[in-house]
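Novice: So the protein lines, in turn, are chains A and B. The opening position of the first sequence corresponds to residue 6 in this note's numbering, with each subsequent residue numbered one higher. The opening position of the second sequence corresponds to residue 36 in this note's numbering, with each subsequent residue numbered one higher.
For the record, the hints were derived by calculation from the structure and aren't laboratory data. Possibly wrong hints are sitting among the right ones.
Unchecked claim - Now the in silico label distances, taken between C-beta atoms and shown as ranges: (1) B:Leu42 x A:Glu64: 36 to 46 angstroms; (2) A:Lys69 x B:Lys103: 36 to 46 angstroms; (3) A:Asp70 x B:Lys93: 39 to 49 angstroms.
Unchecked claim - So, partial list: chain B residues that the calculated Cβ filter (under 7 angstroms) puts toward chain A: (4) Gly78; (5) Leu79; (6) Phe139; (7) Ala141; (8) Gly142.
To be verified - Sample of chain A residues at the chain B side, in silico, Cβ under 8 angstroms: (9) Arg29; (10) Phe44; (11) Ser48; (12) Gly113; (13) Gly115.
Even glycine gets a Cβ: it sits at the ideal position worked out from N, Cα and C.
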Amino acid sequence: GAVVSQHPSRVICKSGTSVKIECRSLDFQATTMFWYRQFPKQSLMLMATSNEGSKATYEQGVEKDKFLINHASLTLSTLTVTSAHPEDSSFYICSARDQQGVYEQYFGPGTRLTVT
Amino acid sequence: AQSVTQLDSHVSVSEGTPVLLRCNYSSSYSPSLFWYVQHPNKGLQLLLKYTSAATLVKGINGFEAEFKKSETSFHLTKPSAHMSDAAEYFCVVRRNTGGFKTIFGAGTRLFVKA
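Kindly produce the complete structure, drawing on both the sequences and the hints.
Specialist: Structure below.
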């Protein structure tokens, strides 16, 4: 089946620094990718939707200048958390939608971000 | 508009007894419905999905769910719980027409007692 990978799986960074998370569709092309955030013991909340070659669409309340999303190719999207603060610590999960067949949505394994 | 409600935040069962995790949904369109499982500090694993074919859907690890349009429900069941089933379960509704949108339920934590 289709596989979505994320890198890194875990990252610890200092407050004020930026961190980049990569999301790749390994065996299919994804015109659309999604970024979710999950706080401990809570559900997934959609942060933004990115389409290859165009600007991401952010959900209400998500700071686009803080969470920079780039979807430069059909297999790669990146999320950069800029000037990270401890409250940005969370589990970030990406998802990719294939552009053929039944347009299924596949989820990555997640990235645990800890800001100290 | 779409929404999904998982009726129980926690469910506790004994090993070997049946599991029932309840999910109600609302959707203006004919939705696709999914159940995902998430073990601690892990990503999501798809258990099963309903996409307008058979209303009784069989998934992995002995789980199944029945789509009941009249009740707008999509409850997840398993005849006999195993210790390894202890995890968080998410019911998900997805709209495929009029704009692709996925909505997650709040999750149900399943505890399995020995």
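Novice: Indicate, hint by hint, whether the structure satisfies it.
Specialist: Here is how each hint holds up against the structure:
At roughly 25 angstroms, the beta carbons of leucine 42 of chain B and glutamate 64 of chain A sit outside the given window of 36 to 46 angstroms. Between lysine 69 of chain A and lysine 103 of chain B the CB atoms are about 40 angstroms apart, so this pair conforms to the stated range of 36 to 46 angstroms. Checked against the given bound of 39 to 49 angstroms, the beta carbons of aspartate 70 of chain A and lysine 93 of chain B, roughly 46 angstroms apart, stay inside it. Proximity of glycine 78 of chain B to chain A holds as hinted, the smallest CB-CB distance being about 4 angstroms (cut-off 7 angstroms).
Using the Cβ-Cβ criterion of 7 angstroms, the hint placing leucine 79 of chain B at the interface with chain A is satisfied: the shortest such distance is roughly 5 angstroms. Because the closest C-beta pair between phenylalanine 139 of chain B and chain A is about 5 angstroms apart, less than 7 angstroms, the hint holds. The interface hint given for alanine 141 of chain B holds, since its Cβ lies 5 angstroms from the closest Cβ of chain A, which is under the 7 angstroms cut-off. Against a cut-off of 7 angstroms between C-beta atoms, the interface hint on glycine 142 of chain B holds, since the closest Cβ of chain A lies about 5 angstroms away.
A least Cβ separation of about 14 angstroms between arginine 29 of chain A and chain B goes past the 8 angstroms threshold, and the interface hint is therefore violated. The beta carbon of phenylalanine 44 of chain A is not positioned within 8 angstroms of any beta carbon in chain B (closest approach about 11 angstroms), and the interface hint is therefore violated. Contact between serine 48 of chain A and chain B, as hinted, is supported at the beta carbon level, the nearest pair being about 5 angstroms apart and thus within 8 angstroms. Because the beta carbon of glycine 113 of chain A sits about 6 angstroms from the nearest beta carbon in chain B, less than 8 angstroms, this interface hint is met.
For the restraint placing glycine 115 of chain A at the interface with chain B, the shortest Cβ-Cβ distance is roughly 5 angstroms, inside the 8 angstroms limit, so the hint holds.
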